[in-house]
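Position chains B, C, D, E, F, G and H against the provided structure of chain A, taking the given hints into account.
Number of protein chains: 8
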Amino acid sequence: MVDPLIGIVLGSSSDLAIVEGADRVLEELDVPFERRIISAHRSPQAAHDYAVSAAERGIEVIICAAGKAAHLAGVVSSLTTLPVIGIPIKTPDLGGMDSLLSTVQMPPGVPVATVAIDGAVNAAILATQIVALKHPEYAPKLVHQKEKLARGVAEKDEEYRKEAQ
Amino acid sequence: MVDPLIGIVLGSSSDLAIVEGADRVLEELDVPFERRIISAHRSPQAAHDYAVSAAERGIEVIICAAGKAAHLAGVVSSLTTLPVIGIPIKTPDLGGMDSLLSTVQMPPGVPVATVAIDGAVNAAILATQIVALKHPEYAPKLVHQKEKLARGVAEKDEEYRKEAQ
Amino acid sequence: MVDPLIGIVLGSSSDLAIVEGADRVLEELDVPFERRIISAHRSPQAAHDYAVSAAERGIEVIICAAGKAAHLAGVVSSLTTLPVIGIPIKTPDLGGMDSLLSTVQMPPGVPVATVAIDGAVNAAILATQIVALKHPEYAPKLVHQKEKLARGVAEKDEEYRKEAQ
Amino acid sequence: MVDPLIGIVLGSSSDLAIVEGADRVLEELDVPFERRIISAHRSPQAAHDYAVSAAERGIEVIICAAGKAAHLAGVVSSLTTLPVIGIPIKTPDLGGMDSLLSTVQMPPGVPVATVAIDGAVNAAILATQIVALKHPEYAPKLVHQKEKLARGVAEKDEEYRKEAQ
Amino acid sequence: MVDPLIGIVLGSSSDLAIVEGADRVLEELDVPFERRIISAHRSPQAAHDYAVSAAERGIEVIICAAGKAAHLAGVVSSLTTLPVIGIPIKTPDLGGMDSLLSTVQMPPGVPVATVAIDGAVNAAILATQIVALKHPEYAPKLVHQKEKLARGVAEKDEEYRKEAQ
Amino acid sequence: MVDPLIGIVLGSSSDLAIVEGADRVLEELDVPFERRIISAHRSPQAAHDYAVSAAERGIEVIICAAGKAAHLAGVVSSLTTLPVIGIPIKTPDLGGMDSLLSTVQMPPGVPVATVAIDGAVNAAILATQIVALKHPEYAPKLVHQKEKLARGVAEKDEEYRKEAQ
Amino acid sequence: MVDPLIGIVLGSSSDLAIVEGADRVLEELDVPFERRIISAHRSPQAAHDYAVSAAERGIEVIICAAGKAAHLAGVVSSLTTLPVIGIPIKTPDLGGMDSLLSTVQMPPGVPVATVAIDGAVNAAILATQIVALKHPEYAPKLVHQKEKLARGVAEKDEEYRKEAQ
Amino acid sequence: MVDPLIGIVLGSSSDLAIVEGADRVLEELDVPFERRIISAHRSPQAAHDYAVSAAERGIEVIICAAGKAAHLAGVVSSLTTLPVIGIPIKTPDLGGMDSLLSTVQMPPGVPVATVAIDGAVNAAILATQIVALKHPEYAPKLVHQKEKLARGVAEKDEEYRKEAQ
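Same order as they appear, the protein sequences are chains A, B, C, D, E, F, G and H.
Numbered continuously in numbering that gives the first Met the number 0, the first sequence closes out at residue 164.
Numbered continuously in numbering that gives the first Met the number 0, the second sequence closes out at residue 164.
Numbered continuously in numbering that gives the first Met the number 0, the third sequence closes out at residue 164.
Numbered continuously in numbering that gives the first Met the number 0, the fourth sequence closes out at residue 164.
Numbered continuously in numbering that gives the first Met the number 0, the fifth sequence closes out at residue 164.
Numbered continuously in numbering that gives the first Met the number 0, the sixth sequence closes out at residue 164.
Numbered continuously in numbering that gives the first Met the number 0, the seventh sequence closes out at residue 164.
Numbered continuously in numbering that gives the first Met the number 0, the eighth sequence closes out at residue 164.
With the rest of the complex left out, here is chain A (with noise of 0.2 Å):
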């Protein structure tokens, strides 16, 4: 089995649907990686182990998923100069706007990399980008995935057109 290269956290089992999108988008691009549950405010001694040691255990990208005050990706990005890629999830009450300000306006010196709300294939994406850059076998697979975003439109597009004729 090979050592995971991108850890996923989640602040509550309650995201799971919305990040499995990261899960398989990695999978697709066979890029090795963990998932984890594990929450700022509520086992806040395992987000901080977590964060202190995933760099030494060979992890290159941390991706945090957290809603309301979603402190998480900023707590791991206070305790590791590994990138930190957040996702803010979407909340009932305020669409996510919560999520997201707690998420991005993060303070000079302590860097969130944030995506769009529940963003999770963009997440994934990212941390591939950026692991690419040191693993160029990811380089093409990334490529490629462009090529069949770009072809999948075009596919919708001549459907759409000849629709309307």
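One thing to keep in mind: the hints can contain errors.
Listed next, the stretches of chain A that the computed footprint assigns to chain H, with coverage defined by at least 3 CB atoms under 8 Å from CB atoms of chain H [what the hints assert, rightly or not]:
(1) 111–120
(2) 133–146
Cut-off 30 Å, straight-line C-alpha distance, at most; resulting in silico cross-link-like pairs (DSSO-like, lysine-lysine) [as the list claims (entries may be wrong)]:
(3) A:LYS89 with C:LYS145
(4) H:LYS89 with F:LYS155
(5) C:LYS155 with A:LYS89
(6) D:LYS133 with E:LYS140
(7) D:LYS89 with H:LYS89
(8) B:LYS140 with H:LYS161
(9) H:LYS133 with A:LYS133
(10) H:LYS140 with F:LYS161
(11) F:LYS89 with E:LYS89
(12) A:LYS133 with H:LYS147
(13) G:LYS133 with F:LYS140
(14) C:LYS133 with B:LYS147
(15) C:LYS147 with B:LYS133
(16) G:LYS89 with E:LYS89
(17) H:LYS155 with B:LYS89
(18) D:LYS147 with E:LYS133
(19) H:LYS161 with H:LYS147
(20) C:LYS161 with A:LYS140
(21) E:LYS89 with D:LYS89
(22) G:LYS89 with A:LYS155
(23) C:LYS133 with B:LYS140
(24) G:LYS89 with A:LYS147
(25) B:LYS133 with C:LYS133
(26) A:LYS89 with C:LYS89
(27) H:LYS89 with F:LYS147
(28) H:LYS89 with F:LYS161
(29) C:LYS145 with B:LYS133
(30) D:LYS89 with B:LYS89
(31) G:LYS147 with F:LYS133
Non-contacting residues of chain F with respect to chain E, defined by C-beta distances greater than 10 Å in every case (computed) [stated by the list, open to error]:
(32) GLY20
(33) LEU28
(34) ARG35
(35) THR80
(36) ALA138
(37) VAL142
(38) HIS143
(39) GLN144
(40) LYS147
Read the hints as simulated data drawn from the structure, not as lab findings.
Here the structure is a predicted model, which means the values were calculated and not measured.
Ideal Cβ placement from N, Cα and C applies to all residues, glycine included.
For chains B, C, D, E, F, G and H alone, kept in the frame of chain A given last:
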């Protein structure tokens, strides 16, 4: 010298001018307090150490002031069972909406008692209301302060009505 | 029967389902509480009477839940020096942003300890943290509840990691 | 001296400069009014007394100006069946969005006639429109003021068109 | 048949369900009213004709309900000196924030008395409060309605307290 | 003197400084235009007269600039089938969010082509793009203006790169 | 077959249901149009090719519909001097506020004529208003459509008034 | 001279003062970078050329700073598989909320690693964290910078505590 009952923690020295409002209130009400500058993101170890040791040092309430993705109060609350009060600091871009949502929208299990944006005065009064339950010598001071508020408004009212004549 | 330490006041019977989260927590932690439905706007006299008499009846913390232009917590806080906790209730149009700002943006002198939108569970924990200062028998229960939270996340984490293999 | 028909109540002396716009309009339209500074939160008893006695003193409309968690108009409206007009005051952090939502989002049963943020001039005109129904001597003044508005724009328009040539 | 004192104008037939709340209140309070569907944007001539003729037909207050860029109340107010009440209708995308700001943020000179998003009940009560100044037969009904509100809450309160035992 | 193709209407003389950006662009592109100050709310008759007569006077596009509950563009669009461009003007309290939503969120049937808050320059370019379809002499000017934009950026780029060395 | 005057471009096939509102209007008004699915982000080359070739193929107006960080209209406008209309698509988290701001807040030099969130009907009417300047055969259809709108409201009004009796 | 690893692209020369924060960090950390001014909207060809050639010139991360409808980072990301970092620039009307949503809310397939509004310092640190995975000589510098942050806070803390005595 009296041991502090209330701890005031600032996330950044740039919040000093705002938080002085709390100092002034506590001095007036004669409640012993200590004050610290500790950043959840830039000095996470210090935040951890402060939060886990506060109760045993006799602190009964912790006031945390922070801006932007304001995690300080949440981090402290995750590590103590003392009541934690959060002051969201106004930000130059989003007016403090980011600080407010990052402070108040805590997930179930880890509360932060949030006051208004830049609401240092109210944080201090709230903290005193809390300690006054156990230390009844502060209760009359709170009643007195409330009467002073009403009297202050009444005096302004009288002036204003005279002007109008 | 034990005298209540915490008063829970709902601005409307439509908030019952949300606020039951607080009831459950206080029952688990075994903190005696009373509950009322009183509207700041529709039954202002009842709100006044409740607020001015709560302290002498032995209530130590008042939790107020209200939605829209949510004045209940503010009105109560203006009439007592007990700590008042506000739960902003989610609204169908603005998601509770109106309730949140009406509850948290209190002017200097009259604090409301605001928790998250629909944050009834945290209101109950915060209230218990406050009464536990004077009634130390509740302190170990809060520590226990905190440990349970961490354990709950750890169990979900373990399941999740197993699934991933 | 004529008995006032309109009461203007300010939540804070800091709102004076804004609310003077209402004074000016009422003086121009020659509608007798009184003005007070009363805080819903800091002097709740005065707010109560003013609201319950206004009608019997001959007041027909009450204008309330307040900022932040602006409860003044709502508190007054909860205690009288006179029409109550609310002026949400601009705030330095959220621009008055907090004042607006706290004033306008009243629950069914207790209306507040809300005007624009800092909309003192319109509060005064609206109040005059209301009293003019019973006191028809004010109606022609309102028509005149409306014509003056149109004429004012027409004059600016003419100047502007000349400049453009 | 009695001549209507209040005119209710809907910007769209899709707002009917919401505005029926106002009809119900006025029927209960026995205030004669008329109701129309007129769009500021789609039938501007009808809006103009309604506004300029309302006063001479005996209408004393006009209630306008509209959503999105809700101009109806503003257009009507620009053409009459009667008090105009605006009901911002909830929208499926922005929750009614667009309707609210389009209705309430009127420029100086042309007021709209704005109630809550979907606040039809309050619009009707406010309109009755206004007509009751000149037609004192409605005043006791408003007092009665206010007492009924308080009684309604008191009954719910009693039930709730019983349940809790 | 050439007959104007574009009409610029300001809701208030206070918007003059912003809208001058449109004047400058139209003068540079040599498109004949006229300019007016007309308020939808304060001079509704003038707004009506302008809108219904614009087409027959040869105007092809109408630009309307207004702030707050900005109804000018909507009112004009309700009375003409010419394309109407709306410029939402920045407001001191809500930053222009009110003007933007009042201008852009038009109901089906009555479009307003909305540009950015304070976007006078773009309103003028858009108006010219529209008239250039029928008057092809303006098309090369638009191409030229686009090239100038690119060249302007390229020059700044070159300077910046030199500085960096 | 007639050459299309208007091009409708969708950023994603998920926007089809919304944009059909535009198709229906153009078919009713008998304006020839073409429709495409092209993504600014996933098929940037196709977006580029479409934008730079549209004018020479006889397209006079381009309508672009896109959601979230909606760049499609802006990208197309940066590459053509034809008028470009943007339809911001509603989003499940932020209601379309993200799409709206990404579409309307264009920097000086590159305008996008933005309509309401999901405003496909208005995009089609606006596009027809623009092409009708050069192709006057469409002008009476627009007048007719405007009359039909007014008639539609008048019919609903009549029904509603009858019901009320 | 060393080949740049990081490219900083500004959408406008008006963003220079903000982005200098990134320059300073990269100089301190001794990471070679290049800087450009390229507008997605005004010089789209330059943006295209930069994005498609960056990887082959050895650039590993691209930082894009832009305001309003900030498409620069998205356009670049659509044309490369390198990680792209977006800095949303504060705007005078909406505080940068428009820039933030335009940058972060990217659709699936094309990620932008978004930092805080005006977050140039964090963009530079994040970029260095990314390049440090492949170029381990930068890793100790990041650790050192993190320690310096903590030390800076500790020093401020000590001063503050002394003052308080």
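Hint check:
1. 111–120: holds (count 8)
2. 133–146: It holds: at least three residues are needed, and the segment 133–146 of chain A offers 6 whose Cβ sits within less than 8 Å of chain H.
3. A:LYS89 with C:LYS145: holds, 26 Å
4. H:LYS89 with F:LYS155: holds, 21 Å
5. C:LYS155 with A:LYS89: At roughly 21 Å apart (the allowed maximum being 30 Å), A:LYS89 and C:LYS155 satisfy the hint.
6. D:LYS133 with E:LYS140: Distance of about 19 Å is within 30 Å: holds.
7. D:LYS89 with H:LYS89: holds, 21 Å
8. B:LYS140 with H:LYS161: holds, 28 Å
9. H:LYS133 with A:LYS133: holds, 5 Å
10. H:LYS140 with F:LYS161: holds, 28 Å
11. F:LYS89 with E:LYS89: Between F:LYS89 and E:LYS89 the Cα gap is close to 24 Å, so the pair holds against 30 Å.
12. A:LYS133 with H:LYS147: holds, 27 Å
13. G:LYS133 with F:LYS140: holds, 19 Å
14. C:LYS133 with B:LYS147: Distance ~27 Å between C:LYS133 and B:LYS147 Cα, so the pair holds.
15. C:LYS147 with B:LYS133: At roughly 27 Å apart (the allowed maximum being 30 Å), B:LYS133 and C:LYS147 satisfy the hint.
16. G:LYS89 with E:LYS89: Roughly 15 Å separates the two Cα atoms, so the pair holds.
17. H:LYS155 with B:LYS89: holds, 21 Å
18. D:LYS147 with E:LYS133: holds, 27 Å
19. H:LYS161 with H:LYS147: holds, 21 Å
20. C:LYS161 with A:LYS140: holds, 28 Å
21. E:LYS89 with D:LYS89: Distance ~24 Å between E:LYS89 and D:LYS89 Cα, so the pair holds.
22. G:LYS89 with A:LYS155: holds, 21 Å
23. C:LYS133 with B:LYS140: The hint holds at about 19 Å.
24. G:LYS89 with A:LYS147: Distance ~26 Å between G:LYS89 and A:LYS147 Cα, so the pair holds.
25. B:LYS133 with C:LYS133: Status holds; Cα separation ~5 Å.
26. A:LYS89 with C:LYS89: Judged against 30 Å, a Cα distance of about 15 Å means the pair holds.
27. H:LYS89 with F:LYS147: holds, 26 Å
28. H:LYS89 with F:LYS161: holds, 26 Å
29. C:LYS145 with B:LYS133: Given pair C:LYS145, B:LYS133 holds - Cα atoms ~23 Å apart, limit 30 Å.
30. D:LYS89 with B:LYS89: holds, 15 Å
31. G:LYS147 with F:LYS133: Holds: G:LYS147 and F:LYS133 sit about 27 Å apart, inside 30 Å.
32. GLY20: holds, 22 Å
33. LEU28: holds, 30 Å
34. ARG35: holds, 17 Å
35. THR80: It holds; F:THR80 is separated from chain E by about 13 Å at its closest Cβ, greater than 10 Å.
36. ALA138: holds, 32 Å
37. VAL142: holds, 34 Å
38. HIS143: The claim stands: F:HIS143 keeps its Cβ more than 10 Å from every Cβ of chain E (closest is about 36 Å).
39. GLN144: holds, 31 Å
40. LYS147: With a cut-off of 10 Å, F:LYS147 remains clear of chain E, as the shortest Cβ separation is near 35 Å.
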